[in-house]
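First residue of the sequence shown: 83, per the working numbering; consecutive thereafter.
Note that these hints are calculated values from the structure, not bench results.
Since the structure is predicted, the reported quantities are computational estimates derived from the model, not experimental observations.
Warning: the hint list may mix true and false statements.
No farther apart than 16 Å at their CA atoms in a straight line, the calculated lysine to aspartate or glutamate pairs in the EDC-like style are these [to be verified]: (1) 236 to 213; (2) 236 to 249; (3) 203 to 213; (4) 236 to 174; (5) 236 to 202.
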Amino acid sequence: MSSWCVRRQVSAAAAEGRRPQQVLNMSSASSFKQDLPPQGGYGSIRWMKEVAKRGPSGYFKFSTFIALSLAGYTAWTFQAKHWKRYRLEMQDARNAVEPLFLAEVDRMYLRRLRDNRQEEKELMKDVPNWEVGTLNGEPIYHNLRDRFIEPSLKEYLAHVGKSDMYDIMFERRKH
Numbered sequence: 083m084s085s086w087c088v089r090r091q092v093s094a095a096a097a098e099g100r101r102p103q104q105v106l107n108m109s110s111a112s113s114f115k116q117d118l119p120p121q122g123g124y125g126s127i128r129w130m131k132e133v134a135k136r137g138p139s140g141y142f143k144f145s146t147f148i149a150l151s152l153a154g155y156t157a158w159t160f161q162a163k164h165w166k167r168y169r170l171e172m173q174d175a176r177n178a179v180e181p182l183f184l185a186e187v188d189r190m191y192l193r194r195l196r197d198n199r200q201e202e203k204e205l206m207k208d209v210p211n212w213e214v215g216t217l218n219g220e221p222i223y224h225n226l227r228d229r230f231i232e233p234s235l236k237e238y239l240a241h242v243g244k245s246d247m248y249d250i251m252f253e254r255r256k257h
């Protein structure tokens, strides 16, 4: 050890309150111990390539695939039966309610025609010799068989606002 290094360690030891002799003993070569191999020596060096553990075999993968496919197909079959019963029930309900809906549509249609007649009666009350449902005293629709003749859409929606007319004309677009 160089003298400068020893002097520095001695002055640092004096500043810490230690004796300089302890510093000299610590730096002596007698306290050094060589690193040695463990008792019995080191183990053998593994120099061969280590192959990772293989995953499941092909038979296992294939059998798992078959088992899951069968389970999925079975579940799908039961679900398909359930949905078929559900669709059948809903179709039966629609078929049962359809006559009621058609009757309601016809009732609203006739109510609109009656309201149109009332509106015509109210508008033309001051015109002499005016009969409701006729034009100059003659019926609008000449009907020999006494069947109902559907009025034109303009006549049917004559007393309705434009937005209401489009709502009625294109009512099927909302369903």
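- Message: So, against the hints stated earlier in the document, which numbers end up violated here?
- Response: 1, 4
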